[in-house]
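Following the hints, complete the assembly by docking chain D onto the known chain C.
2 protein chains.
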Amino acid sequence: MKENKIPYKTYLDESEIPTKWYNVRADMKNKPAPLLNPGTLQPMTAEELAPVFCEELIAQELNNTDPYIDIPQEIVDFYKMYRPSPLIRAYFLEKALDTPAHIYYKFEGNNTSGSHKLNSAIAQAYYAKKQGLKGVTTETGAGQWGTALSMACSYFGLDCKVYMVKVSYEQKPFRREVMRTYGADVTPSPSETTAIGRKILADHPGTTGSLGCAISEAVEVATSTEGYRYVLGSVLNQVLLHQSIIGLETKTALDKLGVKADIIIGCAGGGSNLGGLIAPFMGEKLRGEADYRIIAVEPASCPSFTRGKFAYDFCDTGMVCPLAKMYTLGSGFIPSANHAGGLRYHGMSSVLSQLYHDGLMEATSVEQTAVFEAAEKFARVEGILPAPESSHAIRVAIDEALKCKETGEAKNIVFGLTGTGYFDMVAYQKYNDGEMTDYIPTDEDLAKGFAGLPEVNL
Amino acid sequence: MKENKIPYKTYLDESEIPTKWYNVRADMKNKPAPLLNPGTLQPMTAEELAPVFCEELIAQELNNTDPYIDIPQEIVDFYKMYRPSPLIRAYFLEKALDTPAHIYYKFEGNNTSGSHKLNSAIAQAYYAKKQGLKGVTTETGAGQWGTALSMACSYFGLDCKVYMVKVSYEQKPFRREVMRTYGADVTPSPSETTAIGRKILADHPGTTGSLGCAISEAVEVATSTEGYRYVLGSVLNQVLLHQSIIGLETKTALDKLGVKADIIIGCAGGGSNLGGLIAPFMGEKLRGEADYRIIAVEPASCPSFTRGKFAYDFCDTGMVCPLAKMYTLGSGFIPSANHAGGLRYHGMSSVLSQLYHDGLMEATSVEQTAVFEAAEKFARVEGILPAPESSHAIRVAIDEALKCKETGEAKNIVFGLTGTGYFDMVAYQKYNDGEMTDYIPTDEDLAKGFAGLPEVNL
Chain C
13 MKENKIPYKT YLDESEIPTK WYNVRADMKN KPAPLLNPGT LQPMTAEELA PVFCEELIAQ
73 ELNNTDPYID IPQEIVDFYK MYRPSPLIRA YFLEKALDTP AHIYYKFEGN NTSGSHKLNS
133 AIAQAYYAKK QGLKGVTTET GAGQWGTALS MACSYFGLDC KVYMVKVSYE QKPFRREVMR
193 TYGADVTPSP SETTAIGRKI LADHPGTTGS LGCAISEAVE VATSTEGYRY VLGSVLNQVL
253 LHQSIIGLET KTALDKLGVK ADIIIGCAGG GSNLGGLIAP FMGEKLRGEA DYRIIAVEPA
313 SCPSFTRGKF AYDFCDTGMV CPLAKMYTLG SGFIPSANHA GGLRYHGMSS VLSQLYHDGL
373 MEATSVEQTA VFEAAEKFAR VEGILPAPES SHAIRVAIDE ALKCKETGEA KNIVFGLTGT
433 GYFDMVAYQK YNDGEMTDYI PTDEDLAKGF AGLPEVNL
Chain D
13 MKENKIPYKT YLDESEIPTK WYNVRADMKN KPAPLLNPGT LQPMTAEELA PVFCEELIAQ
73 ELNNTDPYID IPQEIVDFYK MYRPSPLIRA YFLEKALDTP AHIYYKFEGN NTSGSHKLNS
133 AIAQAYYAKK QGLKGVTTET GAGQWGTALS MACSYFGLDC KVYMVKVSYE QKPFRREVMR
193 TYGADVTPSP SETTAIGRKI LADHPGTTGS LGCAISEAVE VATSTEGYRY VLGSVLNQVL
253 LHQSIIGLET KTALDKLGVK ADIIIGCAGG GSNLGGLIAP FMGEKLRGEA DYRIIAVEPA
313 SCPSFTRGKF AYDFCDTGMV CPLAKMYTLG SGFIPSANHA GGLRYHGMSS VLSQLYHDGL
373 MEATSVEQTA VFEAAEKFAR VEGILPAPES SHAIRVAIDE ALKCKETGEA KNIVFGLTGT
433 GYFDMVAYQK YNDGEMTDYI PTDEDLAKGF AGLPEVNL
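So the sequences go chain by chain: C and D.
Just so we're aligned, residue 13 is where the first sequence starts under the working numbering, counting upward by one.
Just so we're aligned, residue 13 is where the second sequence starts under the working numbering, counting upward by one.
Among these hints, one or two may not hold up.
Which copy? The list can't say, so a pair holds if one copy fits it or any two copies do.
In silico lysine to any residue, SDA-like type, Cα no more than 20 Å apart, as pairs [as the list claims (entries may be wrong)]:
(1) Lys21 to Lys92
(2) Lys272 to Arg305
(3) Lys442 to Gln183
(4) Lys21 to Thr264
In short, the hints are calculated from the structure, not lab data.
One chain only, chain C, in its complex shape (with noise of 0.2 Å):
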């Protein structure tokens, strides 16, 4: 074991968990495109958005300008019942590597959500009853952000509408309980409850579900019911925000130690984790005040940075969301069957769509079965069973410790540790047995997805 001046883990103080969440678009030359009424291809208004979402988010949504937001006492009480999350110096990791690296990744798994997905359930579901609404709806893949938000939803008295991606839904029924646990109601999607569902089970019988199916589900049944919205764990520039205490709390901890980051990585699904994690950071670097190379990591099955196009496309499947500017495969895109439910989605947050486009990040992708090599090595010497979306991050993390140990460099690499991964087991199981497979899309595979962009991008 190497001398350890710095900490295994480091745990801020409860009083200095962040009072306000930092919006990097107020420090962005190019802001994020805006979203786009599909009818209109028009920017979105408040006030379109309004039937949609909860009020004080939408205004969070558009806010291109002020660089802090204050976090309401109430949300910060609750994050009292989980943060700060620690950041942890992985010098068991590091002895396994034999590395000069230094590594440091910020776990955000210690909560019965599982991930970092609660940040951001809690913010939404607070403003959600602030404005005296009876219930929210959402929709589900692996099931981390349901659970998240039927925790938070639990917390302030709300329902809690889910529809969760039938596939997850039957293959994951402990995730389903453990909603369940906390209140909410959960739908296997599609289904027979909304007009969109039951077309599309009467155009594809024995269809298993997707997230944009589920959305498509969700946002029907929160605009046609009162009193009830609509609320997403990732992609909307509101959810990047909340998810900046990630990225805030990291920043304390490491000026506290006196570290100075040079490779920040995260895992990439719509980007919430890597949006939240990095901003600080990229605030920096986009005020020019300090450098840092920042990593993004997806899966090769569903390449929508290394692979996909900048382009306006189709949140959902059933089309009836906003169109946003992203890096995507298409909203048509089946993504094969991987185990990282939460990289699945065909686009990405339209702020980093926007940084990478500028060059303000990398972005690379990684097979799984190497994801899941790191992902057994990691729990092995480090005692945290990752999920496997977090585990992206492990496998470039491990990479780039490796590369030191070539150069000899002692460089500080920081990741994101998103979630466990204790609803996965048969994800292990199938890596433990030696059946996992990888998957890489053909470019024929990608065309066909190209295919459907929409006209607005001609």
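Okay, now just chain D, sitting in the frame of chain C:
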């Protein structure tokens, strides 16, 4: 929310991790009765125990005199991976109960084994490695202990053979996969791999196994395989010694906060958690320095303290282990299929049995629907989904807090939250579906178990 000078979560510094375990036996006037050789009915010597257990662990097992035993640095290093564990002030629960009581819980579930079991697993693996062994064998029921031991063996590069009660092996495939991810060899018990397993299968075709039977198989393999020894996750004196780290950290944290506990509550199966949590408090009580109400909570379906006999009994079904004097329901007692797998053992730690017999602690039993009601309430307000075992302590902590509400007393209630329920969702589903039932054994049921007590008691 009450004004909170005391933080929600108190984390000690890494430098405050105890460097010595506390051995409560040293302060006991009436020492726990010794293990007996089932053949000679004489106290087991270190020599007789050597084929089964590791040498240093035998020394700890038989040590009734030294109050403190140094924790080797390698173990302290490993503890830093997940310790110190937080002492949490249950502000949210207090508010929900509207009680003047102050409730604290020591949360041992924030590690991948999901429970406190890792505290002893790493110690036992360390001593096995130090002795130059190739590997260890053990049994596991619900799987927490097996998981913890797998993690510990993986860390020290030891083989780990786990005999998992067949019904758990089949119904809890995910725990099994966590163990496999850590490289353990997991066999459903009873199995064809041992003589005792083959005998049990022949005598009881179709049996789904029991903890006592899995112990017999694990002991047989350890004693008949070169370079292997057997390790156990509860009941034994050495395990309570290692688990004293829970109580030592709890006491340090309470002392720093200036809080004197009035009531200390823990669930009790074999006694590993309760014995560890109460150790330093019981020490003060034994030395006449302070007084505490200490309450053991057990399931009504397996009531060894509250309805058992204080007698010498077999520790395993195969009767290959030494006899232990303890509160027991008889090694042939089969508890009903309750959902707290970790609390289904027929006996209880000799240390705790003696302390209970001497009136130094109380015991109570609770029914599982009441336990899950408490678990759900706790999950919703405190944000942690508790293990069914731990929820026994939650139930009684809530009951005591509600008594405080009646009397207006602001008592300090401390309980042990031993683990998380992420692998217990079948039980939660039963509760969510309203299909959970209670079962209390009749006096006739108990009489059958007592009939199998060995003759030494006559």
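Results of checking the hints against the structure:
Taking identical chains as interchangeable, the C-alpha atoms of lysine 21 and lysine 92 lie at most 20 Å apart whether they share a chain (17 Å) or sit on different chains (8 Å). Taking the shortest alpha-carbon separations for lysine 272 and arginine 305, only the intra-copy value of 12 Å comes in at or below 20 Å, while the best inter-copy value is 50 Å. For a Cα distance limit of 20 Å, the shortest separation of lysine 442 from glutamine 183 qualifies both inside one copy, at 14 Å, and across copies, at 18 Å. For the homomeric pair lysine 21 and threonine 264, the shortest alpha-carbon distances inside one copy (14 Å) and between copies (19 Å) are both at most 20 Å.
Checked against the numbered hints above, the structure violates none of them.
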